[in-house]
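Protein chains in written order, with this note's numbering: chain A, 1007 to 1280; chain B, 276 to 648; chain C, 121 to 327.
It cannot be assumed that every hint is accurate.
As the list claims (entries may be wrong) - Restricting the straight-line Cα-Cα distance to at most 25 Å, the calculated cross-link-like pairs of lysine to any residue (SDA-like) are:
1) K122/C to I495/B
2) K1170/A to I495/B
3) K397/B to F148/C
4) K389/B to Q1145/A
5) K1038/A to F148/C
6) K181/C to I200/C
7) K1049/A to V284/C
8) K397/B to G1221/A
9) K502/B to V284/C
10) K502/B to T130/C
11) K389/B to D1146/A
I should point out that these hints are in silico values taken from the structure, not numbers from a laboratory.
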Amino acid sequence: MKFFTWLSTLDRRYIFLMMALAVIFPLLFPVKIPVRVTPESEKVYDMVDNLEPGDVLLIDMDYGPDTMAELEPMSYAIMRHAYQRGAKIVFVCLTPTGVTLVETEIRTIADEQGMVYGEDYAYLGYRPYPAAVILSMGQDVRQSFPIDYYGTPMDDLPMMRTVKNYRDFSFVISVSATSGIDYWIMYGKERYNFPLAIGVTAVMAADYYNYLNSGQIVGILGGLKGAAEYETLLGQGERAIIWMNIQSICHFLIVGFIIIGNIAYAVTSRGNRS
Amino acid sequence: MRILGVAVIVVVFLGSASFSQTIDAIDSPNDHGQSVHLSWQLPDTLSGVTGFILLRTTPARVHLDTVAAIPGHVREYVDSSEELVNGTAYIYELIANQDGGSAVIMMSSPVTPKGQWYHTGKTVILVFALVFSFLVLLMIQRARAGQELYVRPIGGIDAVDEAIGRATEMGRPILFVPGISEASEVATIAAFTILGRVAKRTAEYQTRLVVPNIYATVMIICQEVVKAAYMDAGRPDTYNENDVFYVTSEQFPFTAAVNGLMLRERPATNFYLGKFYAESLILAETGFQAGSMQIAGTDELTQIPFFVAACDYTLMGEELYAASAYLSKDPLQLGTLKAQDLAKVIIVIILLLGIILTSFGTDIVSRLLAINL
Amino acid sequence: MKKQLPVFLTFICAFILTVQYFVPHRTFEQIYEVSNIWLQIIGVFSIFLGIISLVSQHIMKIRRRNRQWQYSFITLGGLIIMVAAGLFPPLQERGAYEWLYDHVLNPISATMFSLLAFFIASAAFRAFRARSAIATILLLAAVFVMLGRVPLGDRLSHGFFPAVANWLLNVPNVAAKRAILIGVGLGEASMALRVMLGIERSYMAGD
C-alpha cells in the first residue's frame, strides 16, 4: 500500500528522466521497424507520383523551428519525389517565423537533387495576411509576389513566365503548423477548385479528417508518422522512420505511465475507502 | 513584338472576315469588374495546335494587347489583368499556332467586365445570417417580455467564485491569461467579459490579479476592463496598472515568461481563457506544479483535450462564448444564447432531411445549400 | 456619449464590413483593403504602449529588488540588443538581427516546444484516471490512438491497434469535430452579433 501511495505521488522528475532515456537510447541504438502506410498518406504520394516532367506545383511551407521536427522530413520527402518526377516547384512561406528556415531547406534539397534556381524551382518568400495572399494568387501570383524572395522580378525567372495563377499549377501542397490550412481550404480550394493536399502536425491532423472525408482535400500527411509513411513509399530517406521508432518507445512509455498511474490510483482509493 | 506584328497584319487583312468558330466571352460573375471568362472550341478539321496567343483590343481597335500564351490543350482562360477597366468593352482574338506554323484566328463579341453589387454565390450565407439575426431578435424580445430562459449549469463558470475565494483565503494572487491571440478573436472578447467579472470580485476581496498579455492591443483593453471593474467595486485606489502588462509577441517566449511568473508568484488560481495553441499543456502543467487551481476555456479544438486532462475545469468551445451570458444573467445575452440553440435545431432538421433525401437518391439539399465563394 | 459613441462606431464598422462581404464591387473591396491597412497601423502604434509597459514593469522590479530581479536585466538587455541589431546600420549590414533570430530565438523556441514531450508524460501519469465511465472511454481511446499510430504498436498488435485508431479518427472524431465546429461557428456568429448590436460591451470595459 505504501508503495502505491508513493507511486501515485511520484516526483515528476523521475518521469522526465525516463522520458529522456526513452528518447536517447533509440537515438544511440537505432531500430528500423517498417511503417504501415495509411490511405490518406498514399493519396498524397500518388498525387506527386502522377506528375509529368515540366509540371509545376506549388508548395506552401508554413512552419518554424518549433514544429520543424515533424514537418521537415515530409517537406524533404515531397521535394525529392517531385524533383525526381521532373516537376518544377514554386515555394511560398506564409508565416514570418519560418522564412529563413524554409529557404535553407529548399536549398538543401535543390542542391542535393542538382536543381537550378529559376529554372527548376523558385522561392517567393513571405507576405502577410495569408487569406489575402491566397485569394490574390488565384488571380495572379504577381499581385502578392511581384518579386521573389531574393528580389528578382517574376518574369526574370524562366519557369515563372508560364505561371500566372492556380490554373498553371498541377496542385497545391500546404505543409503547415498554422491555421493557414483553413485559409487554403476556404479561400483557395473552394474558390479556385484546385487539388489540395496537406501536411500538418499530428495534433492538427485529427481536425482535418472532416475535409478529407468530404473530398475538400485529397490527402493528409499527419505528423512524423505521415512523413515516415511517405519515406517508406518513396524508398528514400530514413530520418522520419528512425524518429518514428523513437516515438513508438515514447508512446509505449506514456501508456505504461497511464496504466501504472491507474493501478496506483485504484489501490490507494480502495485503501482510503476501507 | 514579332508576334504582335504578325497579329496586327493578320487582323488588318482578315478584319472583315467572318469566323466559323468564336470565342465565348462573358463577364466573370461575382467579381469586382476586372475579370472576363473565355472559352472556345476548335473545329474538327483543325489539328496539331501547339498553342494559342490571346490578344485583347477594344471595339475601336486602338491597341492590340497580348494577354497570354496558352498551351494547346487548354480551351478556356480567365483574363483578370490589372489593365482591364470596369465598364469598358473588349474584344478578344485568339491566334492558334499549328505545327506548320500558320495562324488561325477566332474572335469574340464585345464583352464588358462589370463589378457586381451582390455576390450570388453567397446567398445561402446571407439567408442563414438573416434567419439567425431574426431568431436573436425574437429571443431578445421574449427575454425582455419576461420569459424565463433556462441555461444548463456550466461547471467551469460556477467554479469561478470558488477559485477566487480560494486565492483570497490563501493570500496568493490570481493569474489570468486571456489567450495568445488578437483582440479581434471572438474567444479573446469572451475572455474580456470573464476578466471583468473576476476583476470585480478580486477588487472586492482585495486579492491581487495578474494579467500577462501577448499583444499590446489586448493589454490596453485588459487594463481598461480591470480598471473599470475596480472602480465598479468602489476600490479604484487598489488598482495596479503594473499587474496588467505586456510580455512579448512571440508564443514560446510568452509561455516561458508566464511559467516563470507562476513558479515565482505561486498563484492560487490560474485562468486560461481565450485562444491557445501548443503552449496550453506547458502552461497547465507548470500551473499544476505551482499548486494552482486551474480553470481553462478555449475554442481551439486541438487544445481542448490538453486542458481537459490537465486543468480542474474546462470550458469547451461555445461554453466560453456563453460565459458572459451565463455570468451576467442579462436577458438580452441569454436571448442570443437561446437563439443559438434554435439555430442548432434548424441545422439538425436540415441535416436529417439531407440524409433522408440523399439516401433516396436526390441531392436537392446539397444543391440548394451550395456556396460558391 | 462616452459609452454610446464607441458602440455606434462599432455598429457602423461592423455593418459596413458585413455588407462588404456580400458585395464584390471594387468600391467595397477598397474599403476592406483600407480597413486592413488601418488595422496594421493601429497595431504598430499600440506596440509602443506595450514596450513602455514592459520597460516600466522591469525597472520597477529592479528598483524594488523583487524576487529574481536580476533576470529583469536580461529582459531589458535582450530588448535593447534586438532593437539595436535591427536599427543600427552597422549591425544591420552584418545581418546581426537575422543571426540573433536564427541562432538564439529559434533554438530557444524549439526547446520550449520540446518541453511538451515531458509534460505530456507527466500529465498522462497524473491526470489520465479512470474515475468514471466517460473518463475510462477517453482513456481507452487515447491508448488505442497512441499505440495505433506508431510502427511498434502496429507490429505487436498485427494491425489491430492501427485499425481501431483509424476508425476512431475517421468516425467518432470527425462526428464530434463537426458538431463542435457547428457549435463554435454559431457561438462566434452570436458573439459577433452581440458586439455589433452593442449587447456585449466587455471590450470597452462597460456593462
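Exercise. Checking against the hints above, which ones are violated?
Worked result: Hints 2, 5 and 9 not satisfied by this model.
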